[in-house]
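Quick note, the sequences are listed as chains A and B, same order. Per the working numbering, residue 72 is the first one in the first sequence, and the count goes up by one each step. Per the working numbering, residue 72 is the first one in the second sequence, and the count goes up by one each step.
Since the hints were made in silico from the structure, they are not lab data. Do not take every clue at face value.
Intra- or inter-copy, both count: the list cannot distinguish identical chains.
[Unchecked claim] Using 16 Å as the maximum straight-line C-alpha spacing, the simulated EDC-like pairs for lysine to aspartate or glutamate come out as follows:
(1) 126 - 200
(2) 227 - 237
(3) 109 - 159
(4) 109 - 147
(5) 223 - 244
(6) 109 - 144
2 protein chains.
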Amino acid sequence: MRFCSDCGSPVRFGPVDGDPLPRYVCTQCQTIHYQNPKVVCGCLATWEDRILFCKRAIEPRYGYWTLPAGFMENGETTAEGAQRETQEEANATVTIEGLYCVFNIPQISQIYMMFRGALVDGLHSPGAESLETVLWRDTEIPWEQLAFPAVKRTLKFYLADRQQQEFPVHVQDL
Amino acid sequence: MRFCSDCGSPVRFGPVDGDPLPRYVCTQCQTIHYQNPKVVCGCLATWEDRILFCKRAIEPRYGYWTLPAGFMENGETTAEGAQRETQEEANATVTIEGLYCVFNIPQISQIYMMFRGALVDGLHSPGAESLETVLWRDTEIPWEQLAFPAVKRTLKFYLADRQQQEFPVHVQDL
Chain A
72 MRFCSDCGSP VRFGPVDGDP LPRYVCTQCQ TIHYQNPKVV CGCLATWEDR
122 ILFCKRAIEP RYGYWTLPAG FMENGETTAE GAQRETQEEA NATVTIEGLY
172 CVFNIPQISQ IYMMFRGALV DGLHSPGAES LETVLWRDTE IPWEQLAFPA
222 VKRTLKFYLA DRQQQEFPVH VQDL
Chain B
72 MRFCSDCGSP VRFGPVDGDP LPRYVCTQCQ TIHYQNPKVV CGCLATWEDR
122 ILFCKRAIEP RYGYWTLPAG FMENGETTAE GAQRETQEEA NATVTIEGLY
172 CVFNIPQISQ IYMMFRGALV DGLHSPGAES LETVLWRDTE IPWEQLAFPA
222 VKRTLKFYLA DRQQQEFPVH VQDL
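From just these sequences and the hints, can you work out the full model?
This is the structure we're talking about:
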């Protein structure tokens, strides 16, 4: 950040009265510009005993496999974000079954909120950000070609919890 | 947002190639400026059978009672945010016991992440954003003078769950 998004003047980065942290502050209008972590919403979507995967058509991790996930938008809930991403990336409609994993990734100031969801009709096809979509049984998962640690962890939790048919919320720092 | 924070030129708000939603885009350098929901981290902090409350010294809801909570910062985990807010607002050190409530408030693009925590030594005093801090038993809670719906819901869940000594994660839209 170099300029004020309110008035276009240069910003400085430094101390602010009554705030323990340095901030970007406009040198003209004095507006303080806070920067905060971003939430990524995603979905482990199932159809019978299979899980929906998308092959990424964008960087980072082009060509690797992921669960549908992306940045949460203003005006939506976390569950709506997970549903929307599943629709956008895999043209698949899901019923959300519950929040499942919360992953903190403080190094990149992100929080993953992964939900469990059920496909309503088993239909799926690649959206603009996917090269391919598939429904895989657990024995078919390409563990070495998964896009992100959060994807791998979600799957590991799920395959373990599925044995007991109990899916508590998992919170973990990655 | 009226100006580009990268180059200081005016931004336009409108369609962007390959994106279903309109965005702020710089008319000069073409940078897309995304806007995303913010996370509020908070803590229901206990000492024996009492709960820590802060009387707000800032707007909104000046003079009303809250649980320590505030905007999550870059570079921290959600639990660290809850601990930091408890330290800043009540000069109280807590051990985090677990994620407890996730509240979506899409109308204002916020997600509350409330944790359960235990005070390490029972000590507390008002920080810069608090007029007063107290430890109250459940019969002492001033239900009509609570600052935010998320505070009230967290307390209601807690008092009910405490009977069973089981504290599952609650997810709710407010």
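Tested hints:
no. : hint      : result
1   : 126 - 200 : within (9 Å within a copy, 48 Å between copies)
2   : 227 - 237 : within (14 Å within a copy, 25 Å between copies)
3   : 109 - 159 : neither (19 Å within a copy, 22 Å between copies)
4   : 109 - 147 : both (14 Å within a copy, 12 Å between copies)
5   : 223 - 244 : within (14 Å within a copy, 28 Å between copies)
6   : 109 - 144 : both (10 Å within a copy, 10 Å between copies)
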